[in-house]
Amino acid sequence: MSNDYPGHKGVGAVTSDRERFTTIYDECRQRVWAYTVSRAGRQVADEVVSETFAIAWRKFDQVPENALPWLLGVARNVLRDNIRAEIRREGLAREMREWISGDVADHVAERLGVLKAMARLTPDDREILILVAWQGLSPRDAARVLGCTVATFRVRLHRARKRLQQELEPSAAPMSRVQLTKEWS
Amino acid sequence: MNPLQHPLDELRAARPAHLGDAPVDPQTRQSELSYAFAQAQPVRRKNFKPVWGFGLAGAAAVAAVAVFTSGTGVGTVTGGPAGVTAAAPSGSGSFSSEPVPLSARQLLLVAATSADKEPATTGKFWFTKTASRDIMSVDGDYALLSEGVGESWLTDGQQWHTSQSLGTKPATEADQAAWEAAGSPTTAGVGEGKRLETVRPAGKPSTDTYKSKYVYWLGRNVTLDQMRALPADPAKLKASLLKYYTGNSTEADVPMAEDNWLFTVAGGLVIGGPVSPQVRAAAFRMLAALPSVTSLGQVTDSTGRPGTAIGIETSSGFRSDPDKGVLQERLIIDEKSGRALAREYVVVKPGGFQKGLKPGTVSNSTTIVDSGWTDTRTS
Chain A
1 MSNDYPGHKG
11 VGAVTSDRER
21 FTTIYDECRQ
31 RVWAYTVSRA
41 GRQVADEVVS
51 ETFAIAWRKF
61 DQVPENALPW
71 LLGVARNVLR
81 DNIRAEIRRE
91 GLAREMREWI
101 SGDVADHVAE
111 RLGVLKAMAR
121 LTPDDREILI
131 LVAWQGLSPR
141 DAARVLGCTV
151 ATFRVRLHRA
161 RKRLQQELEP
171 SAAPMSRVQL
181 TKEWS
Chain B
1001 MNPLQHPLDE
1011 LRAARPAHLG
1021 DAPVDPQTRQ
1031 SELSYAFAQA
1041 QPVRRKNFKP
1051 VWGFGLAGAA
1061 AVAAVAVFTS
1071 GTGVGTVTGG
1081 PAGVTAAAPS
1091 GSGSFSSEPV
1101 PLSARQLLLV
1111 AATSADKEPA
1121 TTGKFWFTKT
1131 ASRDIMSVDG
1141 DYALLSEGVG
1151 ESWLTDGQQW
1161 HTSQSLGTKP
1171 ATEADQAAWE
1181 AAGSPTTAGV
1191 GEGKRLETVR
1201 PAGKPSTDTY
1211 KSKYVYWLGR
1221 NVTLDQMRAL
1231 PADPAKLKAS
1241 LLKYYTGNST
1251 EADVPMAEDN
1261 WLFTVAGGLV
1271 IGGPVSPQVR
1281 AAAFRMLAAL
1291 PSVTSLGQVT
1301 DSTGRPGTAI
1311 GIETSSGFRS
1321 DPDKGVLQER
1331 LIIDEKSGRA
1341 LAREYVVVKP
1351 GGFQKGLKPG
1361 TVSNSTTIVD
1371 SGWTDTRTS
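So the sequences go chain by chain: A and B. For the first sequence, the numbering used here assigns the number 1 to the initial residue and increments by one for each residue that follows. For the second sequence, the numbering used here assigns the number 1001 to the initial residue and increments by one for each residue that follows.
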């Protein structure tokens, strides 16, 4: 089995739990941050990431060698439990505005089009697509993050992909109809 | 947009730059890691199962290593910082065939000369075969030993690993007796409500591969190219390694002396690092110049090979831990072949992860059974 995303295994020559943890941190930190940003914006991301890795160290005996899905699952819970819903909504709205303004992406029309389509999706659909396309998770690992079965995840991924496809069609809904601040579960 | 393209592929290509894999800034890294490490200590890694490669070093320790069965002063750690000097000069020699053991410096220079003579080889993969022993104390005042073996192959951007647990059992006869006296429980507590299996049969070998340009660790993750670029001159090598020394340990903002840092990082380099014999020789020479490194006399590694140990004292646990212990980090060197055989951590003053272990216990060891360049991979 091949996994090309970080944290699946440590790097060679790790000599202690702390070094192994540091290796996992170095491999996964930015992925956890990026995931958090895509869910609730930059303002809270560092705080959530910091808490996530603190939990990971407290529960290091539970961290699987394939660490990234586990960490994303923890970050997801930290976001849900520790960050107030309106803070998450505001942060997410700000982040989505950046995506569609093109400030943060290359100014290539196609990329901008995809990001705009992503911004029009519900947070749940967007999360599923991000886990697969940007985090590189297998359906099994992504299902682990969301706490659902693989079968359920595949169904949800299929639907999310279809809705992304629809948003990419030229006849897609105009931006004015977008609900950027829709609550997510 | 291109209608032929799969929407997920398009999405992959559209990831905003700020959500990419840029490295975290050092300050954030430092503060997040130290915040994490300030949390309560983890008990032990999952299922107490050694991982592959050199990471086998969980925490734990074995009392039954040859060096500690000797009554002479050679290689014996008597506890407390003074005891760790333990260089063999005063030893009677009953444990060693050499009447006057070499100092750490002399020994390392001999090892460097031997390494220099070794022809540099090449191959598609850097291969290492390791054996590990980890011990940990459990409730009931006895210790469990877990052993494992692993093989790994590194190449640019990818690594493959095979690992196999060789099982867990009470560490020594005395531990066995204590375990039986406790009613031979199938699990034992290790604090915080966690329990370990006391006896576990050997597992099946498992293999895995991992893609990343970072394939090795030198106080930081490095690529094979960065390993290849290491200089074969001791002073230049030292300078090159120290570029990433900040005054702190490799993991967090816990202060760590330069000698200790270099011993850890260069130790990782000489023990199974994908470098030429000449770079290994430079690392030995660099270590020879470190005043805090002492010779611990003749020992055998966990596979029975004779070698000479050199060591440096290091603290265990955390700055905030009042129970912080003292460990001795040591390398077993075969000076005649110019190779490092094993890396071990010996309990000097119990504390931290090694709280329940007696002074002199080898808390964990990683032995390099074989290493070198090869064109074939069996995993």
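Hints were generated in silico from the structure; no laboratory data involved. Treat the hints with care, since some could be wrong.
Claimed, not checked - Distance windows between CB atoms, simulated:
#: 1; chain 1: B; residue 1: Arg1228; chain 2: A; residue 2: Thr149; range: 43 to 51 Å
#: 2; chain 1: B; residue 1: Pro1119; chain 2: A; residue 2: Gly147; range: 36 to 44 Å
#: 3; chain 1: A; residue 1: His158; chain 2: B; residue 2: Asp1141; range: 53 to 61 Å
#: 4; chain 1: A; residue 1: Ala151; chain 2: B; residue 2: Tyr1035; range: 53 to 61 Å
#: 5; chain 1: B; residue 1: Gly1189; chain 2: A; residue 2: Ser101; range: 32 to 40 Å
#: 6; chain 1: B; residue 1: Pro1306; chain 2: A; residue 2: Thr149; range: 23 to 31 Å
The structure presented is a predicted model; accordingly, all values stated were derived computationally and were not measured. Don't be surprised by glycine CBs; every beta carbon is placed ideally from N, CA and C.
Asp1141 of chain B and His158 of chain A - C-beta distance against the hinted 53 to 61 Å: holds (57 Å)
Cβ distance range 53 to 61 Å for Ala151 of chain A and Tyr1035 of chain B, holds or violated: Since Ala151 of chain A and Tyr1035 of chain B have Cβ atoms about 38 Å apart, the given range 53 to 61 Å is violated.
Assessment of proposed distance window 23 to 31 Å (beta carbons of Pro1306 of chain B, Thr149 of chain A): Violated, at about 56 Å.
Range agreement (Cβ of Ser101 of chain A with Cβ of Gly1189 of chain B, hint 32 to 40 Å): violated (56 Å)
Hint check for Gly147 of chain A and Pro1119 of chain B - Cβ pair distance inside 36 to 44 Å: With a Cβ separation near 56 Å, Pro1119 of chain B and Gly147 of chain A fall outside 36 to 44 Å, so the hint is violated.
Status of the given 43 to 51 Å range, CB of Thr149 of chain A versus CB of Arg1228 of chain B: holds (46 Å)
Hint compliance for this structure: hints 2, 4, 5, 6 are not met, and every other hint is.
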